[in-house]
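Asks: One letter stands for each residue in the lines below.
There are 4 protein chains.
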Amino acid sequence: MSGSLGIGLIGTGYMGKTHALAYRNVHAVMGGLPPVRLKTLCDTPFAKAEEMAAQFGFEAASDDWRSLLTDPEIHIVSVTTPNKLHKEMALELIAAGKHVWCEKPMALTLEDAAEMEAAARTAGVVTLTGYNYVKNPVFKLAQELIAECVIGTPVHFRGWVDEDYQADPDLPWTWRARIEDAGLGTLGDLGCHLVSMAYGLLGPIESLIGDMQTVHATRPMPDGSGHGEVENEDTASALVRFANGVQGSLSTSRSAWGRKNRLAFEVHGSKGMICFDQERMNELQLYENSGPKAQQGFKTILAGPEHAPYGHFCPAAGHQLGFNDLKVIEAAELLGAIDESRSAYPDFTAALEFEKVIHAIAESARTGARITIGG
Amino acid sequence: MSGSLGIGLIGTGYMGKTHALAYRNVHAVMGGLPPVRLKTLCDTPFAKAEEMAAQFGFEAASDDWRSLLTDPEIHIVSVTTPNKLHKEMALELIAAGKHVWCEKPMALTLEDAAEMEAAARTAGVVTLTGYNYVKNPVFKLAQELIAECVIGTPVHFRGWVDEDYQADPDLPWTWRARIEDAGLGTLGDLGCHLVSMAYGLLGPIESLIGDMQTVHATRPMPDGSGHGEVENEDTASALVRFANGVQGSLSTSRSAWGRKNRLAFEVHGSKGMICFDQERMNELQLYENSGPKAQQGFKTILAGPEHAPYGHFCPAAGHQLGFNDLKVIEAAELLGAIDESRSAYPDFTAALEFEKVIHAIAESARTGARITIGG
Amino acid sequence: MSGSLGIGLIGTGYMGKTHALAYRNVHAVMGGLPPVRLKTLCDTPFAKAEEMAAQFGFEAASDDWRSLLTDPEIHIVSVTTPNKLHKEMALELIAAGKHVWCEKPMALTLEDAAEMEAAARTAGVVTLTGYNYVKNPVFKLAQELIAECVIGTPVHFRGWVDEDYQADPDLPWTWRARIEDAGLGTLGDLGCHLVSMAYGLLGPIESLIGDMQTVHATRPMPDGSGHGEVENEDTASALVRFANGVQGSLSTSRSAWGRKNRLAFEVHGSKGMICFDQERMNELQLYENSGPKAQQGFKTILAGPEHAPYGHFCPAAGHQLGFNDLKVIEAAELLGAIDESRSAYPDFTAALEFEKVIHAIAESARTGARITIGG
Amino acid sequence: MSGSLGIGLIGTGYMGKTHALAYRNVHAVMGGLPPVRLKTLCDTPFAKAEEMAAQFGFEAASDDWRSLLTDPEIHIVSVTTPNKLHKEMALELIAAGKHVWCEKPMALTLEDAAEMEAAARTAGVVTLTGYNYVKNPVFKLAQELIAECVIGTPVHFRGWVDEDYQADPDLPWTWRARIEDAGLGTLGDLGCHLVSMAYGLLGPIESLIGDMQTVHATRPMPDGSGHGEVENEDTASALVRFANGVQGSLSTSRSAWGRKNRLAFEVHGSKGMICFDQERMNELQLYENSGPKAQQGFKTILAGPEHAPYGHFCPAAGHQLGFNDLKVIEAAELLGAIDESRSAYPDFTAALEFEKVIHAIAESARTGARITIGG
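Chains as they are written, first to last, in my numbering: chain A, 81 to 455; chain B, 81 to 455; chain C, 81 to 455; chain D, 81 to 455.
Quick caveat, the hints were computed from the structure, so don't treat them as lab data. A hint or two may mislead.
The list makes no distinction among identical chains, and a pair is therefore deemed to hold if it is satisfied within one copy or across any two copies.
[Stated by the list, open to error] Here are the simulated lysine-lysine pairs, DSBU-like style, with alpha carbons at most 30 Å apart:
no., residue 1, residue 2
1, 436, 373
2, 351, 128
3, 373, 128
4, 436, 128
5, 351, 373
Looking at chain A on its own, in the form it has when it is part of the complex:
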């Protein structure tokens, strides 16, 4: 088994499963990557870890994530625990020389994220953050279309990311409503994904003005003991200025009925426009001011093998990638980076930039002032 990369995975929930599935299939899908060995799955209680290790195909189960630190056969650790736990785990894993694939956001506070980023940078391990949507082949197409000036020079940007998991006012209060436990609300859960896409399309955001709101200010306590306060935001919006001079706006809500994963953007350019909506993740909209005026219109481009790495999943266009396939592309990025001794994208350094923006939106919303994003 020499040459293979041993995997530790902390967490067996929503994201934990996507990591497990990605590790299982990345080599078979992509070829040409170092093989992986599913070594240890960590969760609590132990019975849970054991059950899921059997299901996911890990060799071992553990209820002590620190056991991964000293296991020489483990090279990569995925951190998919609640965000509050990321920092401690990541710092110790980095210190132990492990490569780390950490779900987003990196941490509850910008200070914690910065500490993680500094540690990773210093240690020289490979890190990857779970900004899966920038791995979509049609997102890469969007980037290429911009790079190739197909829509000319970008002149304006709009982005939204909405879900409805907190739309129902009658949903009970949970720890997710408490800043100490959850940090930001929709900005941390959803907004940072949008920022990752904005960066990928237009580069850094220089300054912004934000506003935010807790639309359901209290929620019934699950034990029937009255109502608990919702401390973090349900909606947030910002007017942004990119470093390249483009203006734009961002908006996010976790209380948007009917939206299940509406992570959408428009890039307005001097010669055309690109639009995307993750709820139709295999489609990219492109308008070009070219050809006969009478025949101009928005084109719906269906993902296909012309849009790498779609072809690794399926040789036929329009057959659709799914969400879990994006995690496979992430895993390939991680393994490739390790194999080639390069940094992965987006690593902690890149992710820190995204997370600066969501915290700046929150700060601006609190103070009313325009915030300049630190370099």
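We have chain A; now place chains B, C and D onto it with these hints.
Replies: Here is chains B, C and D on its own, set in the frame of chain A:
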């Protein structure tokens, strides 16, 4: 011909024609309204007025709009001239006791609009401003759905209005680029329509922060003499707070390639969501958190005779109203208001509120400060 | 009033109103056409005719359509009565030398339609049939795209036309269910429109095999006296072969819940595809196998002034024509034909070809045999 | 390793890879299934088999598929070779007591398929055919909506399946164009999928009339030696009658530019309608004639955890399954059937019914006669 309302129309361009067509057909479409008499059409030069009077079916042509002031057989005058001319015309028409249907925006500056509003209010004539989109039967449906709590309590709002008539950087400079002649840019042309819809859905905006940008800073002079400066904005956006406590955002661009009339909004509610896009003006999207979860989804409601006054145009659903039909509904509102001695909606007083918002966005964009909209 | 064309209109219902509105506005919209004079509106009882004449702006009302035959000031007569009455009216009007705009289908039987066509052809009057959908500017765009080989050579065709006005099994029985009164069912109401579009795109249909079905075999009698038989078809479909060698299929239903006016087609070509749906009548879908593969996709072209005669209604693209505007374009075709002493399209001769197809579908459905359409 | 099911896979192409990926992940996704062991991967030449065995994670490679027959550790064999080879392989595998997951269509001729079906039925092994689209959670939702009478009684059906892999007339001739090698054209590649969906929704088809066409009659030989004949059909259509009395139509093309996987259907019911398009495979359209008329419309239901087994892939709605996930659901069906000693769906017996239909369409197209599908 006693009992009929005599019409004067100033302007024979884009909007002038829509007014003429609306006057011609409103009685035939709606029934039950005072008959109209197409009396005098004004434009310059006289030959133009004469030609279009023949085409539109006016009894007389004139190159002197002031001739309308003293014509006792003219009761209503439509003002569809360039915005710069609205104020002078409206003030004199009001002073002459004419009812006035004035295209939007009312004026280049808020001060001028306020002066027009005060004059109209004092004179007691009926006024109507050309905010045609709020006359769409499916917009009225949206208002009713909100009023009936079908989507619960509104919690968030988003709106956009985009066209691409200034998207091409190579388009020559025109007077529309000069503030003295044109006033605001996209905010005046497009943004005020969006505000009219936001008001119709959620009521007054209390305060806002805005940003705006001239994305094509100069344009080639038509005579080849270098480049002229574009003084007004191509894009503008704002974070708004409604008086009812809801937050939201507005954004507009006249340089958005591919958008031809994308006047769109989302109203997020505590029980559902409503979405609309004028480019598919016969459709309203509705999501309700009701019924089996497995069967929930956004519904596309096609305009039909259940959505008054659609049935006056066509007894069969889904057969589509067009833009010009909206002007017929406006005309019906005007004639009905005169007939019933009530105010029309949106009259100068209502329109002034919309126009306060676009000027506030521009002011906030210039100063960086949050603007509170005056009562 | 010399030089103007006097209009008689028989019928004040759904189609009658569309004709009245079209006559009222066609000159104002289009310019350059002979003026019209709304002379006499016929309906029964007389009070109804009188009321609607006032609303629609006709000079006179009558409950005797034959009064039109001898009125020398009436040049054109619109026939918008129940289909059963078309033949008698058209034949007498033609014999009286009137130009005739007759709603579709021309008649209940093919024999009657053929008799009407022969009479019109012999008499040399101008006729026009109410196939409004082929007047859509984006339908003309589709025809031009085919003519210019933008999608190469057509290789396949599919078309559908569905509504839901007979979808509810509990709707009461009406005369529309009786062949003697109504003739064909969905084929006559809807199917012939689809055929008109198929012809306009690909030319004559040479032969076909059809099937049809009455899905709601009986309906409750309105007087509560049990159930009445539905004699004509709710659905009908056909496999067709065009004279140019292309195969295709047609299908129609008047019992298709949710479809309000889904008159849709696909033209598959050797280099691309064109798709259309009347429920989004301002859009045409175009796919071209050209340019980079990675950027190919279906384009949504929004109707605009590049698509004549859209610009006569509105100078701005994407602002939407409506159903009634299509009738204005029909009226312009009629007036232009009379003015230029040419035939209008589709006249009785063209329409007879469309109606041969729907009767052939019904005949094939009854006999099971392939039907060759007579020349 | 006792208790696990050993897998042999023949073929490493498009479908071969999907089977490999499905086997790799089905246990991890679903839980509660017998574990699988990826034993032997067969392809030629051996180097290819060896390379792909390494990539896909099989223990052994072979260029002799018959080696699987006698391997006692292999319990299931996937047959993903060219269709021409299915019969021989399946018959020998069945005779050897292996469970068989065979790609569709089962065979080039109906006789061969019938022979395979009889062998499987007699032998009592579990078989599964690769009709992946009926495994889509939203397809199951469609079935449930019909079963629960949400759209009332079905009254009409329409289905299409189009791709464009043979749309370009300049594509070179291949063996796929020769009946001896490939059997049917688009009916075998695509049409049988549509039939599987029609059956799943409305049950057996009783009789039909078909038509078909080779739109590109010859293709350039790859060696430049002139043109070769295309023997099988590019398009095929049929008017069908289901055993339950419903009429409908089917149509398929492999030469439909822009269509990448447009496998779409409409089920018209007495109370509503259901529509689906595989190019947006995570969406189901539902119209119900219920609630206020003014609020009726087609609903777009996004796949989510309410639609089993979506939740096994992702706990969050709207995050999208992909094509390869459908193969995982197929694999789960196969393993579950073996585990529970029941037949899988669709097994060879079910698939034979689907394939009867495509051959009947071809036969009817050749003879012109209505074909009754044998029991």
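Asks: So, for every hint listed, does it hold in this structure?
Replies: Now for the hints, and whether the structure bears them out:
1. Proximity of residue 436 and residue 373 under a CA criterion of 30 Å is satisfied in neither setting, with 42 Å inside one chain copy and 37 Å between copies.
2. Taking the shortest alpha-carbon separations for residue 351 and residue 128, neither the intra-copy value of 55 Å nor the inter-copy value of 36 Å comes in at or below 30 Å.
3. For the homomeric pair residue 373 and residue 128, the shortest alpha-carbon distance between copies (29 Å) is at most 30 Å, but the shortest distance inside one copy (61 Å) is not.
4. Taking the shortest Cα distances, residue 436 and residue 128 never come within 30 Å of each other, neither inside one copy (35 Å) nor across copies (49 Å).
5. Proximity of residue 351 to residue 373 under the C-alpha cut-off of 30 Å is found in both arrangements, the shortest distances being 13 Å within a copy and 20 Å between copies.
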